[in-house]
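S.K.: Protein chains in written order, with UniProt numbering: chain U, 1 to 448; chain L, 1 to 448; chain R, 1 to 448; chain F, 1 to 448.
Be aware that one or more of the hints could be misleading.
Since the list gives no way to pick out one identical chain from another, each pair is judged satisfied if it fits inside one copy or across any two copies.
Pairs of lysine-lysine, DSS-like flavour, derived with a Cα cap of 27 Å [to be verified]:
| hint | residue 1 | residue 2 |
| --- | --- | --- |
| 1 | K255 | K364 |
| 2 | K342 | K184 |
| 3 | K255 | K333 |
| 4 | K91 | K372 |
| 5 | K61 | K91 |
| 6 | K333 | K411 |
| 7 | K61 | K360 |
Hints in this document: simulated from the structure, not taken from any laboratory.
4 protein chains.
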Amino acid sequence: MCAIVGVYGNDNAARIASIALFAMQHRGQEATGISSSCNGKIHTIKNRGLVSEVFTDEALKVLAGNMAIGHNRYSTAGGDSILDAQPVFAKYKLGEISIVHNGNLINKDEVRNDLIDKGAIYQTGMDTENLIHLIAKNSKDRLRDRIKEALERTIGAYCFIVQSRSKQFVIRDKYGIRPLSLGKLNSGGYIVASETCAFDLVDAEFIRDVRPGEMLIFDEHKDEPESIQLYEPEYRPCAFEYVYFARPDSVIDNKNVYRTRENMGRTLAKNDQNSPIQADMVVPVPDSGVPAALGYSAQSGIPFEYGIIRNHYVGRTFIEPTQEMRNLKVRMKLSPMKSLIKGKSLLVIDDSIVRGTTSKRIVKMLKDAGAKEVHFRVASPEIKYPCYYGIDTPTQEELISYRMTKEEICKYIEADSLEYLTVEDLVNSIGNDRNYALESFNGDYFVK
Amino acid sequence: MCAIVGVYGNDNAARIASIALFAMQHRGQEATGISSSCNGKIHTIKNRGLVSEVFTDEALKVLAGNMAIGHNRYSTAGGDSILDAQPVFAKYKLGEISIVHNGNLINKDEVRNDLIDKGAIYQTGMDTENLIHLIAKNSKDRLRDRIKEALERTIGAYCFIVQSRSKQFVIRDKYGIRPLSLGKLNSGGYIVASETCAFDLVDAEFIRDVRPGEMLIFDEHKDEPESIQLYEPEYRPCAFEYVYFARPDSVIDNKNVYRTRENMGRTLAKNDQNSPIQADMVVPVPDSGVPAALGYSAQSGIPFEYGIIRNHYVGRTFIEPTQEMRNLKVRMKLSPMKSLIKGKSLLVIDDSIVRGTTSKRIVKMLKDAGAKEVHFRVASPEIKYPCYYGIDTPTQEELISYRMTKEEICKYIEADSLEYLTVEDLVNSIGNDRNYALESFNGDYFVK
Amino acid sequence: MCAIVGVYGNDNAARIASIALFAMQHRGQEATGISSSCNGKIHTIKNRGLVSEVFTDEALKVLAGNMAIGHNRYSTAGGDSILDAQPVFAKYKLGEISIVHNGNLINKDEVRNDLIDKGAIYQTGMDTENLIHLIAKNSKDRLRDRIKEALERTIGAYCFIVQSRSKQFVIRDKYGIRPLSLGKLNSGGYIVASETCAFDLVDAEFIRDVRPGEMLIFDEHKDEPESIQLYEPEYRPCAFEYVYFARPDSVIDNKNVYRTRENMGRTLAKNDQNSPIQADMVVPVPDSGVPAALGYSAQSGIPFEYGIIRNHYVGRTFIEPTQEMRNLKVRMKLSPMKSLIKGKSLLVIDDSIVRGTTSKRIVKMLKDAGAKEVHFRVASPEIKYPCYYGIDTPTQEELISYRMTKEEICKYIEADSLEYLTVEDLVNSIGNDRNYALESFNGDYFVK
Amino acid sequence: MCAIVGVYGNDNAARIASIALFAMQHRGQEATGISSSCNGKIHTIKNRGLVSEVFTDEALKVLAGNMAIGHNRYSTAGGDSILDAQPVFAKYKLGEISIVHNGNLINKDEVRNDLIDKGAIYQTGMDTENLIHLIAKNSKDRLRDRIKEALERTIGAYCFIVQSRSKQFVIRDKYGIRPLSLGKLNSGGYIVASETCAFDLVDAEFIRDVRPGEMLIFDEHKDEPESIQLYEPEYRPCAFEYVYFARPDSVIDNKNVYRTRENMGRTLAKNDQNSPIQADMVVPVPDSGVPAALGYSAQSGIPFEYGIIRNHYVGRTFIEPTQEMRNLKVRMKLSPMKSLIKGKSLLVIDDSIVRGTTSKRIVKMLKDAGAKEVHFRVASPEIKYPCYYGIDTPTQEELISYRMTKEEICKYIEADSLEYLTVEDLVNSIGNDRNYALESFNGDYFVK
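Construct the complete structure from the given sequences, taking the supplied hints into account.
M.R.: In structure tokens form, the structure reads like this:
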């Protein structure tokens, strides 16, 4: 999923970028990097590891300058090379350039093959390299024009920040699938970040979301960013950001993420109101199931209890690349509150079910700990389709809802009952004022 | 505060001990160590760092044998030497010995000075070294008798596990101030650990708490541990374990820690029931304020909301040694949920107020984020006295409740109102069937 | 200066390459890397550090396959990025490719600018990237033809090894400036390496030097490498390899490096034979001045003594990038043998004088230690011109022999006398059967 | 073998100590440590690793104060614990104390057992702990008197430096087996070090060797160290320091180590002068065989040649603890100069033969490289007895000269001839003005 940030017009640009990346660490923990521009030269530091590990004081000294872009990398298939960290830097005809990217380009292989046919070489596995090649091969005199034309060949869900030696160009695709917001730093200058939760920590005021199809240009000669509407907006923000990925204190498209999750829980409770089930307590799968569980509890009157404790010393399991390691460590991460749940009927709430293996393990863990019944509620619809718009999902065959009906899944995970939200429920919970990117739930791959 | 563990009669003793220490990481993150006994030789590995960092597969290979003791070290004043990690190992007349200790010895300086007067040398700053010297200087033929006599000179709150080449001796002081529980491993053998939360992860059944004043002896020639009641019990478990330190899924003295915290919150709500305050939501200071906030919400009917988000990537701030570092990182750890709390009146619940600086910062952060009112509730009484029984508290001068009245503190932290539990409230919340160690609240330094 | 190696047709290709790189560590200590090819896929591991640090058993497991190329990087100006390590890997039209390079391309900026003008992007600071671009942009069907045409645009001193998924192409420029030898592994397959000292350690037999202007092609379908003479040879091996850079046990162009250095020392002695100087002992600046000092001693009859001790625990000073660090550590590296030299007249032999600062420090150190006289002899001519053919020299202004006469230098370094070899002496010492690359001494920049 | 250093009366005491330890790194590479005294408090930093790794600027900041003692640890059997690094620190009746020790105590087990019988505990495996216990158990009021009486119980080869909060006590055993010299720092204050090679680097003037049986006391109230002759000297310096262990530029007992090694080589040549052997060149086993080879060459007229190259990038093999690792890496360390030795008859000189395995491998390597004949000469007598005076030798069974005659060894290592020095030769080479500690050669275990 990744996080990106751009800071412009502040002498502590790299430091501010690093703190913003720290606040968005949940979006990617595999690698991180920052490029600053100073006196016409771009400096880049990128490495595997957490923001707090990579950006030491020493590293920040190297990253001098009053503008910086940064990236947190979420592991995706195959890309375990250090070279696959961002920003991607290159020298080209107009000088030096560095790019960060959040999203996924649908036509990346086609463009790559075409460029390779024409003699390009690719040194990384990242689709970000496409954009640099398209910019470099263009013959326009101004970078802004090259970017525009490069985007003509770029289909997908994307947020780019392109930094030259003196400017920054921020672009969000016309659907606005991935979030991107603009803020004003109280210490001077601007910040653009994937999530608004970054603004608080760096003492910035939220101005507005970057518009779908918009290009913002930060230029030393102008006090305010220039805005160019490159494409007619067809706004379809990603529903999955609300369900699971964004931090609850972020605001996307004027919607507070926490509140939308609470609504999802309330909706689950409304759907259950005629159910014969008599649960003793609502138990969230921590941490992401908590807001929905609070909503369910508030709606239903069934008390909310912390029946599962999360151990925060586990390290990076939660978001780690391979399936095996997730299996190995799941028991070290979640502990059942035995004395609380013994003999009780639990209404367990999780944000989603992907492969089903974790859910199965949680149900087993709770029953082993003495739970009488485990009713599983999922604060999202069934995930039947892989996401090609920037969220790391497994292949369709690995998606349990592709292979099984709800009843079969309930049996598989050994729950006493299982309910999901419908797609309509989800849309209503977030806010029915908008089309959303819902492809994981309904297969509507609308990006073309 | 520290955590200790002993595993006896299991071929994976050190591995089980390391997993138990992992489950008790919250009790100490500065250093960790394990001694195993194998073929009449004791092997020790100890180092600074987290359990998951120190106990690699390679380290565990060195720690062969079917018995092991382990320790997590919580930083205490001055002791930043690697030599101050436990277990403490020594060769003495009867062979090799290794000891872990949780607690604090009241008369440690007196004993130390006396031993030094008689020619002893001290190579560490730990009071654990006292016990080894007392054992070594004793002339009895059996280790058990030496330990008994050594304990005659040992006044304080303590849980010791002493490991020789073939036996383990577990001792808890007559007051039972620090928790210590006995379990049976489903894979064979026994485990003794500071908290029962360790038992679940290593697949052990809780048998019972080690009794105040009891010595348990594990011996290869006996299937079950031998129990010797060294001292008449005067049971006074530490109230602070319930308030703050123990993991919520642990059970101490048959009382579920989570439930006691919930009760503390309920009591706060009952005390507030005639209050004119109209709070819009109950907001916990995460993570330890959560159960009390749930209790307050359930009792009062005011909705529980996650108004403060905790960032879990911060690292070891929470429990780090120096005050400065805590200051520096507090904003990186806790983020206010702006859109949730804006214009709202908040009933904020924390587990305790020690110096007052963190509380002040939290109130400011919430008001900066738009909270209309912040009513601060503390799920424990005012801390007016330093703890000498094993919990790391600052000097009395640093305790805000020693220096200020409740009203003054309320003003200092800039809250709109402030309430604590009374000592009686606290006792009733935990369970009024017991005398507790309450010295931090009432100055009753009963250990003599 | 760098070292390169290629191994073909051996199941332990990467391991053999790593041992060969270890034997050639003196040619570059900043970074090292290896690419292997296995089942149509190229794997690359490269990093800063010594060969023994980077190529752990774990790393070698990743580098499976029966062919591998490797590189040791010597730091050159500006290139401190991890991205500037070799091999350079890319995907291009014909598949995957990886290249290692030793040397320096004279027209690199021109080619680079031209390629950039045509839309290429450069992600590293290495001239090796030129060759990949030229190969990628070519339209020929066969890699060998693309390489040939790419070389048409490539002017300079170079040794390349290009590895595709199944073949290796070895190319040496027509002057043969940098050394490159072919060997046969006793365990099967072939090895190509910058220096023959690599062959002994990997149990390979020296076959012959790769010929100037030759391309060797290793192909799985042929038992022996195919040889194509791309260019008419104009053999001019680098004299500086004999003077200083190659390991003394290497053989370049059938000339044993140690013997040539001994000859240089003998020639210095012959030149001195009518000198009125009465030296008590010949003292080498260790390690590289030793063979010449032995030659001087054998020729003159003045005893050879180890008057300067080299401390081998210093680490990587000798070859480290910045001038400052060299200054700081020089005294830690070399110690005078006080009791040996006190009151004595010393004939000190070093391989070369570049900036003069080290020589000045050595003379001072020896005089401080009690030497009566220090006569400085240099086993090479005065270095007046920077090398553009692959050896890292400072700018012309920094070369002391560009700024000063021999007499001025003698005064500057505070020696009692100073003599160099003439260029003719040098050529005769190496062997007067050949034109050599002598540009550092005579400014003959013959590469066009 | 270890190195020790004491610096007194200089504000950069710890920094100077660290540089002196760096100069004596050859005496021990397993671990290193320094204790400084500042304002009545002793600070200690010790760790595994090289001096340049452990003593960073940060570490030296901690080690404030105008006096410091330091130690380099050579690995000895069994002691691989971090706790076995020196200095050894303890609190005892008179305050704080820290001790470094070079040597070996003959009666250490007896004293240890006696102390343990009386109730002492031992936390390390080092005999240095004995001295601290003896000092601590003594009842005298002054540390100097306690040290004196403690030494009454201490039999062996030793150099101690004892540091209290304000003084340093330097003691050398009455035989003076291990070297120890006194110097005056040009920047103020005094230095005591195992080898004089440390003095040059820290800019100190050699004053004299510490006398056998002497105690030097450094005291802030006196400008010069007080000297107390504790025992009647029976001077017997260790011959092995001259043969192998000391750095060639050190001076021990007024004898330059390099010169004594040269003499050993000359003596070997004299012994060979009627030999029918016609060697083409004298080849040292680098680095320690070099001076003797130069002596042999000078005496015999046979040219000295560097027939074996040593690779200095190997790391710490030379001095590493286990036999296995030495085996593995020997070929990576030494390379034969093929073209030099091919078809030649070599006179190879090494400093000693211990187990015979390395010698055997060297002969094989040279013959594989084409040597016609390999005549092995050893610049020391046959080692038939283990050293108990501080040098790490294997058990007697592992000493090849204990198990085999010279002829058998020659056959075993496959040399064409083999000669040693006689014990008399060795004594004459060093200087026949002294009794030496020769126990490894003649079994004269004189220390009682």
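S.K.: Next, verify each hint and record whether it holds.
M.R.: Tested hints:
Within a single copy, K255 and K364 get their C-alpha atoms only as close as 36 Å, which misses the 27 Å cut-off; across copies the closest is 25 Å, which meets it. For a Cα distance limit of 27 Å, the shortest separation of K342 from K184 across copies, 20 Å, qualifies, whereas the shortest one inside one copy, 51 Å, does not. In this homomeric assembly, K255 and K333 come within 27 Å of each other (Cα to Cα) only across copies, at 24 Å, whereas the closest approach inside a single copy is 30 Å. Neither within a single protomer nor between protomers do K91 and K372 lie at most 27 Å apart by alpha-carbon distance, with minima of 64 Å and 52 Å respectively.
For the identical chains of this complex, K61 and K91 are intra-copy neighbours only, at 23 Å inside a copy versus 34 Å across copies, given an alpha-carbon limit of 27 Å. In this assembly of identical chains, the alpha carbons of K333 and K411 lie at most 27 Å apart only when taken from the same copy (24 Å versus 40 Å across copies). For the identical chains of this complex, K61 and K360 are neighbours neither inside a copy (48 Å) nor across copies (33 Å), given an alpha-carbon limit of 27 Å.
Of the hints listed earlier, those the structure fails to meet are numbers 4 and 7, in rising order.
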